[in-house]
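Position 133 of the sequence shown, counted from 1, bears residue number 135 in the working numbering, the numbering being contiguous throughout.
If you are wondering where the hints come from, they were derived from the structure by calculation, not from laboratory data.
Be a bit skeptical, because a hint or two may be false.
Stated by the list, open to error - Here are the simulated lysine to any residue pairs, SDA-like style, with alpha carbons at most 25 angstroms apart: (1) K95 x F140; (2) K18 x L31; (3) K18 x K95; (4) K195 x P131; (5) K223 x L193; (6) K134 x K165; (7) K222 x L170; (8) K93 x G109.
Fair warning: this is a prediction, and the values are worked out from it, not measured in the lab.
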Amino acid sequence: VTSIGDYEDLLTILHKQLNISYIDREVHLLKSLVYLIKKRAGCLEDDLSLYGTKNFAGVWESICKNVINSTFEVNNIFPNPEWNILGSQYKSKGTLIPDIILEDENGKVYLFDAKYYSLKYIGNIAGEPGYKDIIKQFQYQQHIEEKRKECISNAFLFPLNDKDFISLSNNPEVIDLNESVVVIGSIKYDLFKDKKIWVMMCSYSSWQMMYIQNKMINYKKLFWNA
3 VTSIGDYEDL LTILHKQLNI SYIDREVHLL KSLVYLIKKR AGCLEDDLSL
53 YGTKNFAGVW ESICKNVINS TFEVNNIFPN PEWNILGSQY KSKGTLIPDI
103 ILEDENGKVY LFDAKYYSLK YIGNIAGEPG YKDIIKQFQY QQHIEEKRKE
153 CISNAFLFPL NDKDFISLSN NPEVIDLNES VVVIGSIKYD LFKDKKIWVM
203 MCSYSSWQMM YIQNKMINYK KLFWNA
């Protein structure tokens, strides 16, 4: 085992993979590998508890946040709602915050929303996010522009398997941003004039591997505002 890395590094990689695995057979295999490595290292606990997840929405969002490295401080841009009830003032504990928001050295803001939907776009659109998700993303953009007076890039990020991604990459209608992301179109809404949400399809296996290897994508390559 030590010829390919120490025990701690191997366990870290396996736990990361567990967090993004939702196939029962794969989860079982990863748990077994963790068990064997801990046993080999002599640090096996009496009660071994390991957890995977079938919540792909959270998995994909976590992958996107880590690969794009979303570290922007949003507290001053998205304040908590304030209540005035019977003469007393209250602030809500939570507020709406975008999945991923970044700012570069020139003050340009990049806004992304990780969408785990299985988007269908041949012949007719199907499996798309609901209108509430779309309106919310436009509202994020509008609020940031009002606060910061900056033009931003706004996009949905959808995962796609290798076969479909390769096929899509060969379509002359798409815009290749890099080897793992293509733009297939945009969303408009009359309530938000001159604004678009770009529809970006991402190679799931490529982004999954970047997540596992702690690699990040150059988010500036995801800027598309044509």
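The hints, checked one at a time:
1. K95 x F140: Status holds; Cα separation ~23 angstroms.
2. K18 x L31: Holds: K18 and L31 sit about 14 angstroms apart, inside 25 angstroms.
3. K18 x K95: 30 angstroms, violated
4. K195 x P131: Within the cut-off at roughly 20 angstroms; holds.
5. K223 x L193: 28 angstroms, violated
6. K134 x K165: 31 angstroms, violated
7. K222 x L170: The hint holds at about 22 angstroms.
8. K93 x G109: 29 angstroms, violated
In terms of the numbered hints stated before, the structure departs from hints 3, 5, 6 and 8, listed from lowest to highest.
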